[in-house]
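Chains as they are written, first to last, in my numbering: chain X, 7 to 605; chain A, 37 to 222; chain V, 7 to 405.
No lab work stands behind these hints, which were simulated from the structure alone. Given the structure is predicted, the values throughout are model-derived calculations rather than measurements. Watch out, some of these pointers could steer you wrong.
As the list claims (entries may be wrong) - Within a straight-line C-alpha distance of at most 20 Å, the following computed DMTMM-like cross-link-like pairs (lysine to aspartate or glutamate) qualify:
(1) A:78 with V:244
(2) X:8 with V:222
(3) V:280 with V:305
(4) V:331 with X:216
(5) V:85 with A:166
(6) A:206 with X:77
(7) A:206 with X:563
(8) A:133 with V:247
(9) A:78 with V:262
(10) V:359 with X:192
(11) A:209 with X:562
(12) V:197 with X:140
(13) V:85 with A:177
(14) X:24 with V:171
(15) V:85 with A:182
(16) A:204 with X:77
(17) A:206 with X:192
(18) V:85 with A:170
(19) V:232 with X:11
(20) A:209 with X:563
(21) A:133 with V:248
What the hints assert, rightly or not - Here are the in silico distance ranges between beta carbons for each label pair:
(22) X:176 with V:205: 50 to 58 Å
(23) A:67 with V:209: 55 to 63 Å
(24) A:158 with V:213: 42 to 50 Å
(25) X:20 with V:174: 23 to 31 Å
(26) X:166 with V:205: 52 to 60 Å
(27) X:155 with A:171: 39 to 47 Å
(28) A:158 with V:334: 29 to 37 Å
Glycine included, C-beta positions come from ideal geometry on N, C-alpha and C.
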Amino acid sequence: MKLKDVLSPLRVWERAAKKPMTIKDPINDRPGATNYRGFHKNDFSKCIGCGTCEEICQNAAIDLVPVEGQETVEGDSGLRPMIDYGRCCWCALCVDVCPTGALTMSNDYTWIADNPEDYRFVPGADKTKWQESEKGYTRSPDIQIIDYDRVDMQELEPEERDKSFIEIVKGYNKEQAIKEAERCLECGLCIATCPAHMDIPGYIAAIRDDDIDNALRILYETNPMPEICGRICTHKCETACALHNNGDPLAIRWLKRYIVDQVPADKYSEILGTDHLEDEVLNRKVAIIGAGPAGLSAAYYLAIMGYKTKVYEALPGPGGMARYGIPEYRLPYDQIDKDINYIRSLGVEIQFNTRVGTDITLEELHSSYDAVFAGTGLHLGRSTRVPGADNKRVYFATDLLREVTLGNEIDVAKNIVVIGGGNVAMDITRTLARLQNQKYGKVQILTTCLETEDIMPADVEEIVEAREEKAVIDPGWGPKEIEIRDGKVYGLHVVKCLSVFDENGRFSPKFDEDQKKFFKADMVVESIGQGMDLSYLSEGIKSDLKFSPRGRIEVDDSFQSSLQWLFVGGDIIQGPDVIHGIANGYIAAKGIDTYLNAE
Amino acid sequence: MEQLIRKIKGMVHLKAYRKQRDDLYFITVEKAQLEMILSHLKKNEGFTHLAFLQAVDFIEDSRFQLTYMLYNYETGVNLGVLVLIDRDKPEMNSIHKLWAHGWQYQRELHELYGIDFPGSPRVHESFVLEGWEEMPPMRRDFDTLEYSERTFFQRPGRSTNDPKEYMKEKMYKNYAASPRIRRDDE
Amino acid sequence: MSNLSKSKYRGFEADRSKYPVEEEGKPVIDLESHKFTKIWQGPQHPGVTGNMAVELIINGDEIVDAKAHMGYLHRSFEKLMERRRYIQCFPIVCRICVPEPDTNEYCVSAAMEDLAGITVPEKAMWLRTLNLEMSRVGSFLMWIGGQAGSLGMGAISQWTVGMRDYWLDLFEEMTGGRVYHMYMIPGGVRKNLPDGFKDRARRLIVKTRRLMQDIDNTFLSNAIIKSRLQGLGVISPEMVDEYGIVGPNARASGREYDIRMNNPYVCYDNLDIKMITATEGDAYARAQVRYRELNQSLDLVAQILDRIPEEGAIQAEMPNLLHWKIPQGQTYVKAESTRGEHGFYMVSDGSEKPRRVFARGASYTHAISVLEKLAVNVSVSDLAGLMVSLHTCPPEIER
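Looking at chain X on its own, in the form it has when it is part of the complex (with noise of 0.2 Å):
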């Protein structure tokens, strides 16, 4: 034994005049630090009730509940997560996870209750001491556990597409789509915010599971145009979907486009069970008045349900507006082919060129027939009615739109203006474009629209397409005159456009007189909106229909009218677009087969 170590030891004793360790009250000396996991926050501003911190907390402690003042809205399900302090271990997962940035943590450390239940409690409904506090855990900007970025789509570039109609969009190949489906958290806000209430979600999942089949089966149950909307959908689910709060939303629409590019168009009868669908099981016939995509919505499971149906339809091709208003580049037709082809294998017979109340009167329909749908959709243009609007170069989109469609050669200026900012003006601008790309090899087009860019109705890419197809777009003027020279068209004058809509949201345009512009054109379109064509009603029927104060007619849930045996549905009831047609038709033979199994 050492000395050394006998005294050494000794040295214990110097500590004695050191400050201590301790502190006095550390409950207000010692706050958490700024990015402590203390207790929850949830901004009501942000959080949109989707239940992925509930999927992600692996101790089962969050539940969703509604909470008083959350409304159910698109986008939002109103139900806020309620977090049980038995079960959570502030792990912050739930805060991570989070696509809006919602759910925080304070750094607050410490909470005195009597009654065990208050631990159970709704983060920024119930009040705590926290919920203002600036300082918690919040989810870095530099980590992911969700995946906030789109696998690019491929596309064809602008100099390889601007002379053609080829279809732009090249579609995800398999790895893409399993890729795109593994970012969905499905959460399912997006199923109130489709008007077919499809199960996205559910078909998402089947592309996950590499399941093609299933996935083409929940297609089905709600949409039998999906090649249709697979491409020009407006994908509203998109808007609802909870990553695009903080990133790109899921590309619902392609990978919708992903399942039936997939699939043959011969294997569907198999996939879907309709290989050996028994002809006329219920002996009760129904007409369906155009071919459009609420049309052939109803047709396709009144044929199910066993109905023996016939479309009449006025144009020599099925597809209403999918086919004669959306240029091909857009939607091939083939595509439309592939979904109408396997609708009329199930027996659903249509007869072309027949335009109701010319060739056929409804009163016949209706004496043949049980009942009849009419989804005559809107073809007729609307006019600006500004002067010289009504020189014979000065056309409506719709109309050349079909001519397109029909092969019909159009008499393309070499200097055009189109009026409008919709889809449809983007459609006919691009259209227009190529066809001067190919009779003049180089594009001069400019479209103008009242609205600013910002609140163009027309979707983002379809503005940015058409510009680098080298079209011009000048938002923002409204039409003044089409000034015409020696009776030709020799260009449009506008004026600056303050503001569309008045305080209620109506339109009603002001304008500023002495902002002035000159568009030089020898052609203008106008695609300003689409009417409705309901000369097929004769006065009698006319006479019983109930029409709402704007001139539609009025239907039920049902999309049942006032005559009993007639229902209507599609862009002249609802949308204008194509998933409004096809969720209408969908209803609509639902109503008509409990219509007639009530008799």
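Chain X is already provided as a structure; the job is to place chains A and V on it using the hints.
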């Protein structure tokens, strides 16, 4: 390492071989040849350290996989020796004579997987689950959730909502269910 | 081995002539003979490490037979993980070891990354290294307190546990949590370092070094401590392989096995680090090894602080971790905890949840096979010191 694998191939029937990393290899051998290869690896090839012995339940193939993880201090290589045994009659030769702590893993595996190691000391003593009466709990077919719901109670008053269903209830409750294909006999 | 001869009664190789006859290596004990008493040390006992119990047969105050009992805090983390998604695993594994949770976090994330073929960005690697080394400091500090406390020097426990709290303050700033840090997620880490962190960490290193000097004076250079620890629980070099002994326990018996150097992971191959060993193999040698390793860890933390890159990503590009599937395969990832080789063996069947996760706790064999052997012929009063000197940690045994 490649050389060693060739050597092992000459000695025993090597069912599978896989390199996971530069310092981690897996070989699969026959059940009957395991002891021989382990003692060779320990005595002649420098794999003196047994890091662990564990089991994996491949219930779909009706097999347990036993993993003997060895380590060589000289080369710094981990070698996992894998054996597949019958899940319905799980029995394996004991290695407690090769490594003095082998019995401890074997006792654990008997309790958690129900694998027997005849001759291994105290192998039938309970390890962490005194008084356990259910099936060996680490087997895949033991349902932990079902067990805990049967044994413990949930905190009363908790209920949750699925956003998807809740929104349907609130926003489009009357939306028709998808029609089924109607057949003749309906 | 020099101390062995000095030992009066310690060590299993001591004279056993007056003890019961052995059959098959086990003493035959007849409790009815009234020559022996059976007592339980634990599961609630200040002299055991964590929640475990040792069933002792004693003769006078000497232990003739010992049996370790586990199972007082079995939560079956391994089974829980089989029922959870990969991303939900990391908040679970930290609970496998309270004083040093980060090794578990690192191993489970690294195993997933190895199976999924993900490369972690450099900065995240350095932050992980920092986190791991800081957790070693915290764990060693707690161990010193435990070893001193188990021998009756409660004052030192208070110093070191107090000092550990300052280290926990750093963890709190860095990770948001004091004890369970849940910092290393698959693909990287969750947070960048806060402003001013490095300076505060450097100041704390200085402060800790001062404490280390005090500990040297009062603990290692203490005649009483020396007389109690020297010769206690001698592990011979042959035992190391025989019993799968790892970490400082193995190094104190001359085995040069430290995963940070033998199989470098994260950024350890970029650091100036030396193997620390001793030859005596007794409890005092283990204490010395740990003391020196703690000093080296402080040094390493300082090195790491200097080398963490300012810029760079802290997480690799990851898919949506809610639906993360890992390709089929199996792997074993290990790291050097303060108790030695701490490893995770992970088997994936290609689904969203692991097929099997096994946590190889470093002290798995130390607390049972080794303890049961070393406890024989030790005085009851030294058992606590012996257990702490093996640095056993029950939760990592029963997981």
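Point to revise | In rising order, the numbers of the hints this structure does not comply with | key: none
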